[in-house]
Every structure is written in C-alpha cells, then in structure tokens.
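Peer 1: Chains as they are written, first to last, in this note's numbering: chain A, 140 to 252; chain B, 5 to 118.
Derived from the structure by calculation, the hints contain no laboratory data.
Just so it is clear, the structure is predicted and the values come from calculations on it, not from any experiment.
Check the hints yourself; a few may be wrong.
[Stated by the list, open to error] Not everything, but these chain B residues come out facing chain A in the computed CB check (under 7 Å):
#1 ALA43
#2 PRO47
#3 VAL52
#4 SER54
#5 PRO73
#6 GLN104
#7 PHE109
#8 PRO111
By construction, the Cβ of each residue, glycine as well, lies at the ideal position given by its N, Cα and C atoms.
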Amino acid sequence: GENVEQHPSTLSVQEGDSAVIKCTYSDSASNYFPWYKQELGKRPQLIIDIRSNVGEKKDQRIAVTLNKTAKHFSLHITETQPEDSAVYFCAASINTGRRALTFGSGTRLQVQP
Amino acid sequence: DTEVTQTPKHLVMGMTNKKSLKCEQHMGHRAMYWYKQKAKKPPELMFVYSYEKLSINESVPSRFSPECPNSSLLNLHLHALQPEDSALYLCASSQRALTQETQYFGPGTRLLVL
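The shape of chain B in the complex, shown without the other chains (with noise of 0.2 Å):
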C-alpha cells in the first residue's frame, strides 16, 4: 500500500460543532503530517509528528488539537472553528521527519466552516 488516505472527503461543521478528520498510512513511514491548503496557495505546515511524537507545532490555535494514536493513524480534532478556518487539509507522510525525505500526500479534507 503506497497511499496516505484521509476520511471524510468533505466536511461541513457549524462554528459550535466537534468533529475529526483521520489519516491513515501503510508504508511504515515514522513521520506525518498536518496542512492547511487556502485556495491558490501552497500548503501551509500546521503540524509534525515523528515516532508518534508531536515535535512540530507552527503556532496552530488550540482550536486543532492533533492525535497520533499510532504509527499508522493520524487525527486532527476540531472543535469551535471559524469561517476563516475553511480550507483543504493535508495530510503527509514520510519514511522520518526533518530529513531529505519524499512527503506523500493524502487526497484532503475539504472543509466548510459555516
């Protein structure tokens, strides 16, 4: 299996609402990670986690709250958003963090902050 995969596709939340978006690998990579993607703009590094251990958080309000329950999975909790909060998230994923390391990307979430 060479794919990141990221459920739900969409998602669509009121500012009030608590919801979760996953991400899952299966090439043994010890590194993933979470992006924010507006649109026309590159992705924008939120956080990293290598060996299931956050080691980067580029100052992400406390809104996201990221979970690596292990070395396959990959979540970002959302509680109390706001609309400018609507974007696509990326997730990634690479063999280790902080190196010369191909990132793969997961296919987004496509998020709707109402």
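So that you can see chain A by itself, here it is in the shape it has in the complex (with noise of 0.2 Å):
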C-alpha cells in the first residue's frame, strides 16, 4: 500500500519567514495531494490540493511543487503568521484501489512574532 512520509515533524521560524514542509510517497500510482492544516481542538481543514497533472500550484502565501519522478511533493508557505501556527498533514491518495488517502505524520509548525 502507500506510505507517506513527512519532513520536519517540527518547524519553528519567525514571522514573515517561509516554512517549507516536504513529503515523499511510495506509490507511482498516487496521483492527488492535498494539504490539510489542523489547529489545536479543531478539525483537519485543506488548504491547497494538487493533482499529477500539474507540477505547482499557488494561492496567495500558499505554493504546492510535485515531483512525479522523484515522488516527493513540498509545501510552501511565505510571509508567515502567527495564525499560520498548526499542524499541517500532506496526504496521498490513488484514483483507484482500497485507500482513500494516506496522511504523512504531520508538521507542527510554530510561527514566532
């Protein structure tokens, strides 16, 4: 089956740094992405998705970048807020198969003022 796996399992950086949070996936057959960002108490919310079609995508602070062929996919966070401060989960899924998504192990981010 597909495994994720999810680096930093921590980040701390100062406000209006970046933070930069990578995923690897087993699975060549995986082929949608999502990001998901968790507050403390409250429930997985995606931020930004991307699907093997594509190679990035941006919304305002927030960029995906896929590596179909080294099968790894990065989030990217610029200008960074307090209110930036979560647990983030990548997750992989295949468009056919038993698994709806695979989640890697979570960031915790924590952005400094």
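Can you join these two chains into the complex? Each is in its own frame, and there are hints to help.
Peer 2: Structure (structure tokens):
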C-alpha cells in the first residue's frame, strides 16, 4: 500500500519568514496530493491540493510543488503569520484501489511573532 | 450548507456502555468516512461508505459498527470499548469515494473511555 513520509516533524520560524514542509510517497500510481491544516482542537481543513498532471499550484501565500519522478511534494508558506501556527498534514491518494487518503505523520509549525 | 456536522462534541463512556456518534452533511456528497485520530498523530481511516454502502473496512474491531441510514447521515455505534479507543473521531465526506475528490472533515467527537 501507499506510504507517505513527512518532514520535519516540527518547524519553528520567525514571523515573515518562509516555511517549507516536504513529503515523499511510495506508490507511483498516486495522483492526488492534498494538504490539510489542523489547529489545536479543530478539524483538519484543506488548504491546497495538487493533482499529478500539474507541477505547481499557488494560492496567495501558499504553494505546493510536485515532482512525480522523485515522488515528492512540498508545501511552501511565504510571509508566515502567527495564525499559520498549526499542524500540517500532507496526504496522497490513488484514483483506484482500496485506500482513500494516506496521511503523512504531520508537521507542527510554530510561527514566532 | 457546506459543512459536515458531528454530535456529540465530547463523549465519556464506560467500557460496558453503548453509545453512538452521528455525522451529517447536506452537500450532496455520496461518500462518507470515519477516521480515528490519536493525539499528535494523523487521522487513520476506519470506514468508507460509497452510495450508502460500506466499501472499505480497515480491519476495525467489531466493537465499532458503522451505519449509513441515508446519503446525508453516518453513524458509528460503539459497544464494549477499551480505554485505548479514546481518541478524536472524525467524520468526512466527499463527492465520491476513491477519486481525486476533496474530503471535508467534521469537527470531530472527542471520546474518552473509562
């Protein structure tokens, strides 16, 4: 089955700096890669996603890049703000097969004001 | 309505109790999911319903029993749980199952088994 690894497990940045979180996946058939943000005690919320026919996608301060050959994808947050502090999960899914989403282990991002 | 709702928000139960978690969505989604999330861990898939039929059971113990009465509702019946079952139980929905569809999560039910 699919295996998703996520790094780093914790990340602390100064407000205004950029943050990068990286994930690798094992199944080359995976073709959908969402990123979820989960604030303490709240539900995971989709912040951006990318499909395998696209190499990069951007939404304001958030961007995701995908390298299908290397089987890795990354989340980039620019001009970080304290409200970006949360746990971020990457995930991967295959268009067919048993698993809906396989999540990475999560990255706790702390933005220091 | 673009939200997934869950009740109750918190639940404390003994190991001999029977309780149910409820999930509802009115987005017309035909896939609904139960996840279990332990502290500082990612959500773990438990069950997937597609068009009101159970399509995935991730080898979940029988003390957890899902039910999908209609396309908007998803229940999780709990019986004879163990303390290690204490966790946040998340419901999610998407347009369809097992495709590149966005999954929308509910706020979760925080369960404590004593």
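Peer 1: The structure should be examined with respect to each hint, and the outcome stated for every one.
Peer 2: Each hint tested on the structure:
Here the hint on ALA43 (chain B) is broken, as its CB sits about 11 Å from the closest CB of chain A, past 7 Å. Interface hint status for PRO47 (chain B): upheld, as the beta-carbon distance to the closest one in chain A is roughly 6 Å, under 7 Å. Against a cut-off of 7 Å between C-beta atoms, the interface hint on VAL52 (chain B) holds, since the closest Cβ of chain A lies about 6 Å away. Because the beta carbon of SER54 (chain B) sits about 10 Å from the nearest beta carbon in chain A, more than 7 Å, this interface hint is broken.
A distance limit of 7 Å between C-beta atoms decides the matter here; for PRO73 (chain B) the minimum to chain A is near 21 Å, and the interface restraint is violated. The interface hint given for GLN104 (chain B) holds, since its Cβ lies 4 Å from the closest Cβ of chain A, which is under the 7 Å cut-off. Hint status for PHE109 (chain B) relative to chain A: holds, with the closest Cβ pair at about 4 Å, below 7 Å. Of the supplied interface hints, the one on PRO111 (chain B) holds, with its beta-carbon coming within about 5 Å of a beta-carbon of chain A, less than 7 Å.
Going down the numbered hints, you'll see the structure goes against 1, 4, 5, while the others check out.
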